[in-house]
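4 protein chains.
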Amino acid sequence: MNEKAERLQRIQVTALDEILGETLPVLDDGFVRVIDYMGNDGAVVQAARVSYGAGTKQVSDDRSLIRYLLRNRHTTPFEMCELKLHVRVPMDAWRQWIRHRTASVNETSTRYSIAIDAAQRTPPASWRFQAASNRQGSEGRLDAAAGAELTQQERELQQHARTVYQERLERGVAREQARKDLPLCTYTEAYWKMDLHNLLHFLALRMDSHAQQEIRAYATLIGEQIVARWVPLTWEAFDDYRLGAVGLSRLETAIAAALGGGDRQKALTIARDAGWLKHGKNGLLRNRERDETEAKLTRLNLAIPWRSEPDV
Amino acid sequence: MNEKAERLQRIQVTALDEILGETLPVLDDGFVRVIDYMGNDGAVVQAARVSYGAGTKQVSDDRSLIRYLLRNRHTTPFEMCELKLHVRVPMDAWRQWIRHRTASVNETSTRYSIAIDAAQRTPPASWRFQAASNRQGSEGRLDAAAGAELTQQERELQQHARTVYQERLERGVAREQARKDLPLCTYTEAYWKMDLHNLLHFLALRMDSHAQQEIRAYATLIGEQIVARWVPLTWEAFDDYRLGAVGLSRLETAIAAALGGGDRQKALTIARDAGWLKHGKNGLLRNRERDETEAKLTRLNLAIPWRSEPDV
Amino acid sequence: MNEKAERLQRIQVTALDEILGETLPVLDDGFVRVIDYMGNDGAVVQAARVSYGAGTKQVSDDRSLIRYLLRNRHTTPFEMCELKLHVRVPMDAWRQWIRHRTASVNETSTRYSIAIDAAQRTPPASWRFQAASNRQGSEGRLDAAAGAELTQQERELQQHARTVYQERLERGVAREQARKDLPLCTYTEAYWKMDLHNLLHFLALRMDSHAQQEIRAYATLIGEQIVARWVPLTWEAFDDYRLGAVGLSRLETAIAAALGGGDRQKALTIARDAGWLKHGKNGLLRNRERDETEAKLTRLNLAIPWRSEPDV
Amino acid sequence: MNEKAERLQRIQVTALDEILGETLPVLDDGFVRVIDYMGNDGAVVQAARVSYGAGTKQVSDDRSLIRYLLRNRHTTPFEMCELKLHVRVPMDAWRQWIRHRTASVNETSTRYSIAIDAAQRTPPASWRFQAASNRQGSEGRLDAAAGAELTQQERELQQHARTVYQERLERGVAREQARKDLPLCTYTEAYWKMDLHNLLHFLALRMDSHAQQEIRAYATLIGEQIVARWVPLTWEAFDDYRLGAVGLSRLETAIAAALGGGDRQKALTIARDAGWLKHGKNGLLRNRERDETEAKLTRLNLAIPWRSEPDV
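Protein chains in written order, with this note's numbering: chain X, 73 to 384; chain E, 73 to 384; chain U, 73 to 384; chain R, 73 to 384.
Next comes chain X alone, as it looks inside the complex (with noise of 0.2 Å):
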């Protein structure tokens, strides 16, 4: 390798120094900083060309050897670049985030120290009505007098809260204990690190409009106020390999196939031995699955061939 004769620089991203240390806010009192980094896309390439050897140099340039490596799911070169970001974030969101187990993590510790003296609040238009298509998320708005009324009692079972633990520190509780009672969405605050080839993946499931709207706003601005300055090009392979992305399963490949070839009656035929084209009163029975490919089908451009007429 003819690196050995060279005197090595460490690798510096101006784009992202730029921003080092700087406050980045999220929700009403939360942030993101950026505290350190190690590599970038030059990184990445360098690791995949000691694996695949000097003549992967010949046949890529570094942005086609990132797409090839991030459409191939050859994972590791992006291990070799590492994000330190210090973050401020409610609790209920930190158990979310604290689920990604290749981080490394310091948390402030209410052992140690006194709570912080900040709850996430909500303003009365951002009350959220539970999702009727999922039973997980959240659709629309409650109207502005109820979210009034929402809001007025948050503020007052926060306060509510913080007078109780204030009081049981003054008694002489022990911190461990004396915070047991605080709001699920207090802020906590931490050093969080991890691997760019992780970081994606916590990106792509956090960024997901499945994902909590909490959440997800971290996970946004980390993605692209971040890592789109600090590796533009893996962001930009990552955006269309992952982000914009459609997985076909072997079902949903032969009936788009069957499309493609302009044969509806193989699709349909396909479609009904996988079961799912069965019928009750109210026309085809619920199936997540079949739902789910009927989008898929949508975003390609081809009929869904079981709505396509009326009579199946």
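Treat the hints with care, as some may be off.
No copy labels: a pair is met if it fits in one copy or bridges any two.
To be verified - With a straight-line Cα cutoff of 20 Å, these simulated SDA-like cross-link-like pairs (lysine to any residue) come out:
(1) K353 - D89
(2) K368 - R145
(3) K368 - W378
(4) K338 - E361
(5) K368 - A317
(6) K368 - R322
(7) K350 - L229
Calculated directly from the structure, the hints in this document are not laboratory data.
Owing to the predicted nature of the structure, the values given are computational and were not obtained by experimental measurement.
Got chain X sorted already, so can you dock chains E, U and R onto it with the hints?
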């Protein structure tokens, strides 16, 4: 390997089968249940013997081999055993628990389901003072009158929080948002699975006297009532080599060796060179490392050289 | 949770118990044996239901739920199952195998024991040519005469290496040093344990047509003969959603949608804007990403727009 | 946290920058090169202070805090630092190295590239005898005449293996298959990245006197020439609390305490109750645990009670 010819039977541990699925209570409303396990002491031994070769059998019985492995931190054979628990834990203890990243976890989602209607309650006699000696811990109890007031306050706050949660749900607020002001000590449930090596590490940290009392109650139960039944030889070795162990640093070893050889002056010189014997107006300056050394010397029945005579 | 009252039985999988400990041969002298397991399809479902709540039961049977989980990459419930194998593998295939870092492993140590007296041998008809299209793979076979010569050379080299190893041992050389010139394809043995989620990831990579033939033989056996018996619903879903899946990038989705809607010009414009249609002297310049897209379009029965007419 | 207002600079370690990219030789043809790093001693301290709160600053200087963290196995702050190396290592040492699963690795692929034309060679004076006391290790050297013969044999075998490899390639055999009979000690290269906590664990195991000499040479260089420059306070604490530490089991502590208090009979009773003092025809039966205890008592200058007088 001569097992090839034998008809394999799955490993069963009768002593653990007897409590399979049983609800072992912890705190006021928590529990631990054993759901399944893989392996036993014999599986540890079997894995060690594939590594070290058949000859191991001649020189070591199972107990000696397990002690040897644990003593010398040959940890991989202990990974061959798995324990799967169903637990019910206050979320603030769970926040500590979940930091152990080597577990597999499925926790009840309060996005999908309504939060468990139980928060940990504190009896009047159980309010603990902040530790003076230790910034993170607790020591002693508040008196009965103060405890009764705090318990009454706790009940009111928990009722307030629950009422607000219920009202949000009744107005149609999404579960993922309604939960945000629930108390940190609201109970949650999870399936939690870990291999024996990582479980012992969890127990060493969480059974320790510095661990918070709540999680210590869970860890102690898991260790003494579950692991001790499941892998008795490993548990015995763990008790001897981890729970009951004393670790001496290079410096402490040198001081203890000087004292062991009867050379108190040498011990003092070593401590002085390490900067441990600086005086302020009120005697020796505070030094946390020296404090820990003193405790170890005392445990070894060695006189603390800088304490044994007033004029060091 | 209503399991509390039930008397728990450990999960047993009769179809897997039938082959427990059996030596399933691979390559000329390798094998895979199932030593133990934890969980089954039901354990995946049980873990998912603790997360998503009891309501899940009403809307999904086990098969639909497992398909849903796999399709949407809800991976944690699959971690609740474990498989423990005893394998005998050439060290050069093992070098690829061991890269999967989520396994627990105990490998025979050639520091403690004498190396296994077997190296993988190649029959005359099994020498493979270097792939032309693919820098890492192989394709086609050498002719019989050349194969016979190579096999004879292989035997002599392996004998030479073994003779040197034996002589070193006889002279008293340490086993850890004597082994240093053994062939890479010398067999080794190990206990290898992994959870089902990570096992599926291993299988997806190592059953793939790009994986080296030797490790593919092991992976295929583990998948088709072991996992398929152990967790048949998961295996079926895995086959549909991973092995048989097609992933389309944002760009590919746009091209397929243009073609699906009958707009070949739009598809060409998209490809041209992406830089895929640059010409050299001999037609379209080589472009690996476009090649992969062509294969996918063909699989979907869509005409490749830049191939369908000569003058793009 | 008052860093918010400051303009952050990336952490630089001048002492490490001085050797960045430099080829540090190991063995006859191996090397280690520092490619990049993240963090320093200050980053460890910073992470600890976010956990334990600002108050930490008043009671502890950086050195004391790092010593405290290492002593009490507060490991997460050390994860905030990363080191990335480029290494060239014989594959049989690499087989041990790669067992550390917490690293990120990109190794040269001999499927893509022709194998490095170098295998580790042994000078005549470097052939080691199998250890008598220890089933895995080596001790002493073979005499010059025997060594010269073995070195000559080694050269012939390595040439034979290389010739066969070359011929296979010339006949068009796939690289992935041609390599199968290369010697285990053929050199490979890799990028290898690890956080400081896991790196210290690697060093503790691989700098140990029980580690094989070849990997110990790499570990010692990484520790003494790289880590010592990069994080000098951590290195000093590691040397004191890990490399130089003595761990006493519960039993050993009891024996040492009896001896510390001058009660030899009590020490004997404890040992006898533990089954350590059984006699055979030739005196005390062999007992590995007792042997290790003897070594520790000697290090503490305590007379071994069952050795100090002939008739126990």
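Comparing the hints with the structure gives:
1. K353 - D89: neither (63 Å within a copy, 44 Å between copies)
2. K368 - R145: between (22 Å within a copy, 17 Å between copies)
3. K368 - W378: Intra 14 Å, inter 24 Å, cutoff 20 Å: intra-copy only.
4. K338 - E361: The answer is within: 19 Å in one copy meets 20 Å, while 30 Å across copies does not.
5. K368 - A317: Close inside one copy (11 Å) and across copies (13 Å); limit 20 Å.
6. K368 - R322: Both: 13 Å inside a copy, 12 Å across copies.
7. K350 - L229: Intra 50 Å, inter 51 Å, cutoff 20 Å: neither.
Against the hints set out earlier in the document, violations occur for numbers 1, 7.
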